[in-house]
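Student: Assemble chain X onto chain A, guided by the hints.
Protein chains in written order, with my numbering: chain A, 1 to 336; chain X, 1001 to 1792.
Read the hints as simulated data drawn from the structure, not as lab findings.
Be aware that one or more of the hints could be misleading.
Said to hold, decoys possible - Now the stretches of chain X that chain A is said to cover, found in silico as 3 or more residues with beta-carbon under 8 Å:
| no. | region |
| --- | --- |
| 1 | 1028-1041 |
| 2 | 1302-1312 |
| 3 | 1483-1489 |
| 4 | 1510-1519 |
| 5 | 1531-1537 |
| 6 | 1563-1573 |
Stated by the list, open to error - Calculated lysine-lysine pairs in the DSS-like style (CA-CA distance at most 25 Å, straight line):
| no. | chain 1 | residue 1 | chain 2 | residue 2 |
| --- | --- | --- | --- | --- |
| 7 | X | K1105 | A | K193 |
| 8 | X | K1617 | X | K1752 |
| 9 | X | K1002 | A | K272 |
| 10 | X | K1573 | A | K193 |
| 11 | X | K1752 | X | K1700 |
| 12 | X | K1781 | X | K1752 |
| 13 | A | K23 | A | K36 |
| 14 | A | K262 | A | K272 |
| 15 | X | K1383 | X | K1009 |
Note that the structure is a prediction, hence the values are computed from the model and not measured.
Note that CB positions come from ideal geometry on N, CA and C, so glycine has one too.
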Amino acid sequence: MLEEVRQLASVVVAEIAAAQDDKALEALRVHPLGRKSRLRQIARQIGHLPAAQRPALGEATGRAQQAIQQALDDKALALRQMAESASALDVTLPGRRPLLGCAHLLSQLTDELISIFQGMGFDVADGPEAEDEYHNFDALNTPADHPARDLHDTFYLEGGGLMRTHTSTVQIRVMEQTPPPVRIISLGRCYRKETVDATHHFAFHQIEGLYVDRGVSFADLKGTIEAMGRQLMGAETLVRFRPHFFPFTEPSVEYDFTCICKRQRANCSICKGTGWIEIAGAGMVDPAVFTAVGYDPDEYTGFAFGMGLERIAMIRHGIDDVRRFLENDLRFIRQF
Amino acid sequence: MKITYNWLKEYVDFAWDWPELVERLTMAGLEFEGVEDLGARYEGVVIGRVDSCCPHENADRLTVCQVDVGTGVNTIVCGAPNVAAGQTVAVALPGTTLPGGMQIKKSKIRGVASEGMLCAEDELGLGDNHDGIVVLDEDFSVGTPFAAATGLGDVVIDFEVTPNRPDCLSLLGIAREVHALTGNPLRFPNVQVTESGPAIAEDVRIDIETPDDCPRYVGRIVRGVEVGPSPEWLQRRLQAVGQRSINNIVDISNYVMMELGHPLHAFVIHALDQRRIVVRRARAGETLEMLDGTQCRLDEEMLVIADGTRPQALAGVMGGAHSQVSADTTDILLESAYFAPSRVRLARSRLGIFTEAATRFERGADWDAPVQALDRAALLITKLTGGEVAPTPLDVYPRPGQRRQIPLCVDRTNQLLATELDSAAIVQILERLGCRVESSRPLVVTVPSFRPDLTRPADLIEEVGRIYGFDRIEGRQEASGPWITQHNPELTFRQVARQRLLGLGLDEVVSNTIVESRWLELVGTADRAARLANPPTETQDALRTTLVPSLLDVARRNFNQRAAGVAIFELGKCFVAAAEKGVRPEENWHLAALWSGRVSASPYQADTREADFFDLKGLLEALVGEGNLRFAPADRPECRSGHAACISLGGEPLGWLGQASTDLCVAFDLERQVHIFEISFTALVRHWHGRERSFTALPKFPPIERDLAIVVRADTATAELIATMRDSAPHLVESIEVFDLYQGDQIEAGHKSVAFAIRLRDREQTLQDAQADAATSAMLKSLEVRFGARLR
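In isolation and in its complexed conformation, chain A is listed as follows:
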């Protein structure tokens, strides 16, 4: 009987190991361990055996039951794992992506500049794009036969008025409405009658800055532009100021940022190896402008600056053609 128990155990364990699915396994569980099973029958007979044989047979049936139970558990686990691995996800399949729009690069830059200048205490002002001669030229110290008008090829409106050629018009509109001190930026579209090519468009965007108070000096202008340069182009950015001419500032300067090539490439396509990129114009507000808006030029001084958004974006992102901005090819827009 002892031998039978051992035989039985090894046969059942082998059958369990061979089971292919949960159903087969369940049948095997009932058959060897159930009440009517041969193993139970033997176990029930142990009491009728001579005392000397009982311990050995008892131990053998116990071990057989244990072995079978162990085999059943192992197999159940193995089958579950098999089943799970059969239904495993291909985690490399694409996700179901909801649409997420992409902001236009010019808007992104606008938001960034607003944030930079709000951090420096500048308010944001708005002004009309369809302007009059007075706000675009005369009040900005550019009378009718001034040669500087040649610098701006202007779009005129039927029935009078023009499309502003710069955001400097907002300086005038703000100062007309607000007594000093004034510290504002204004962002928006400007228009010049240019032939459209890779570097020119008749419509472009500018940021304008104006700060007027008692005692504002050229050092304030430099500090502000330097702070903007560092935030826009990186902490190591240096700024240089070259004398220039604008009718509405005196002194007038153009400012350059150090090139992103860090003067490492003699043939840098952006700075042509000079290490400097021409950015835009600035200066101390011309006394004639103060007079035009009714500020006392002896009491107040101020600075103003401008900058083209497309130019900055082109430099920062290596964009080759200014026409990309208003073309709205989504493959362009989604790159940023």
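Tutor: Same frame as chain A, but now just chain X:
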């Protein structure tokens, strides 16, 4: 303005090489435009000495020369008849490309190895002569580069001169800037003329009819000139700075203009009727044939230089053909005048003529320079062409110029520039710029005649800052305050709207505000559009009244690039022409969105249907958020009939939503359904800004949910069904949502089935089933009464 490095050195000394010169002048306000190294074309050409010559064994006309080129002695086979031992020559070494394009290589010429070439004039691009090699001055040292030895290695530098600085449109003017920066003395060119022959007054008479237009007119006569080509150095210089050589007289006047900045003109005396010069306004109907052969119609606002009967030149702009210098000219009248800038500018711009002279006069020439310029030209003419200068210039000067005096406060200067300059330092800078300064308080500064831009203290402060160097001023990083930025709701809501729409999956576009009129005609708003008098292109001539055509155009572009779907918005300004003349167009912020094509971003297991009306409507509802947003059926010219709605928000008109009409889609080559909304952003901001945002207590008692499906006529507006249901149980209805809509075989024709999910709640106590049932029955009853609805 082009200058050459060597030419500039004639007027002032400086120790800078050309890149440093450029750097210094750039930082003083002359913007660097470009450089041309004239010596670069002679790269590889060196000075050599012919040690010996012997005839070539296999060729009669060739000579085999041993030439010392500094680095060694080269054997060079030469075909020139004039080659001889002992000559100093220009040797093009192997590997050189000559200005004419000829490439020099090591080669065998009839069996003899030749290492280089002895150059003739034409091969060096110096002239047409090919009779023999160029024999140079024997002082040149062997081995030095040809360009450096001969001075042909000059560098042309191009500067952009701002319109306020006419004085910098000359070599002398730029030399003055170098003088101001270095303090090195300025050398004014020789203007000492020897006069002979009859006095000028015996030959011509000069009258100025309008002295305000021409405050000064000076003439000089040179008799017996011999017109011909200019000497090479003169031609080369003019060519270097971008001037074409014409003949020696014209070239000299151009040379003096480039040198001193003052434009001159030469008339042939015998071509002047009555030997008179009359500076006057043109008469109506007068015409003038210009030097360049064009015929100009003059008007009474243009200033001319006339003789006794007719115009001979357009004052300050260009001379006339009739009295121009030609090969047989002997006696000339040189003109050197000062014309009013605005008068020159007017004629120049009306006739569309750009000349070097006009550029200088309209920006403001030096009223004190005419005599010097005249004498300089007369001197060069007598030197280069012979002839004699008649005694004394005839200087008609009805409006003498005055050097301006400007007070300048030292403290004010330092305050504005953030500098700490003492009075002496400021005086030194101004004096080097040609000012006279009285060291009083304030300083009294007398500005030079060649600086028309210096009129006020601010102008002088700029000069001080410019020459002192803006880069030496330290930028200030702290601001005086306190400064508090104002809350700007319009700006904030612009950012909110954009962020929401981006989050809802629309891409942002920024399109042109100047659009084609045809586009506006398509949407029926062309009559309200403001138009440009001088548009960028013939068709693109209107300011947009709406964003819709622009979005359609963007959709077309992107579908052409095979986009599967286009979902875009623009937040931008639109314009409406004012009814009255001279009033600016009205500018309004519009917000528009367009959705067309596939709704989903990726095709994998996703919704691949095409966007429809309710996709865009839902998106607009999500954008606007809570609020009384109403949609009513509308007829719009740009929309498909029955597929458009006008939108109101809190009772205020907001805009419209609809499917673009077939005509509109065809006009923009769009093949798929296109849905658009356009709203007034100002109205939306007003709503958002005015919205109450106070807290409502969260409900304490549970809701009861009921579904109700009814059948009504198909043309019944769902919004009215919901409103009726709400009104039937106003205090209990929390929400009513449509969850199913059915039209088809299961119900009678011309009807639809609508299913609602109703949520009821009593805010004061737990709602009982019986109450909910009663409320639902009341709703059904009202629907039956008002719409003939029946339960499905």
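Student: Does each hint hold? Answer for all of them.
Tutor: Against the structure, the hints:
With 3 residues having a beta carbon nearer than 8 Å to a beta carbon of chain A, the region 1028-1041 of chain X meets the requirement of three or more and the stated coverage holds. Three residues within the 8 Å Cβ limit are the bar, and the region 1302-1312 of chain X against chain A gives 0, so the coverage statement is violated. Check on the region 1483-1489 of chain X: 5 of its residues sit with their Cβ under 8 Å from a Cβ of chain A, so the three-residue criterion for coverage holds. Interface restraint, the region 1510-1519 of chain X with chain A: holds (5 residues with C-beta to C-beta distance below 8 Å; minimum three).
Only when three residues or more bring their CB closer than 8 Å to a CB of chain A does the claim for the region 1531-1537 of chain X stand; here the count is 6, and the claim holds. Evaluation of the coverage hint for the region 1563-1573 of chain X: fulfilled, as 6 residues show C-beta separations to chain A shorter than 8 Å, against a requirement of three. With a C-alpha separation of about 52 Å, the suggested pair K1105 (chain X) and K193 (chain A) falls outside the 25 Å cut-off, and the hint is violated. Between K1617 (chain X) and K1752 (chain X) the alpha-carbon distance is near 21 Å, which keeps this suggested pair within the 25 Å criterion.
Only pairs whose Cα atoms come within 25 Å are accepted, and K1002 (chain X) paired with K272 (chain A) is accepted, the gap being roughly 20 Å. With a C-alpha separation of about 20 Å, the suggested pair K1573 (chain X) and K193 (chain A) falls inside the 25 Å cut-off, and the hint holds. Proximity of K1752 (chain X) to K1700 (chain X) is assessed by CA-CA distance (about 37 Å); at most 25 Å being required, the pair is judged violated. Simply put, K1781 (chain X) and K1752 (chain X) have alpha-carbon atoms about 18 Å apart, close enough for the 25 Å limit, and the pair holds.
Taking the CA atoms of K23 (chain A) and K36 (chain A), the gap is about 20 Å. The hint holds against a cut of 25 Å. Of the pairs offered as hints, the one joining K262 (chain A) and K272 (chain A) holds, with about 12 Å between alpha carbons and a cut-off of 25 Å not exceeded. Proposed proximity of K1383 (chain X) and K1009 (chain X) is supported: the alpha carbons are some 22 Å apart, at most 25 Å.
Checked against the numbered hints given earlier, this structure breaks hints 2, 7, 11; the rest are met.
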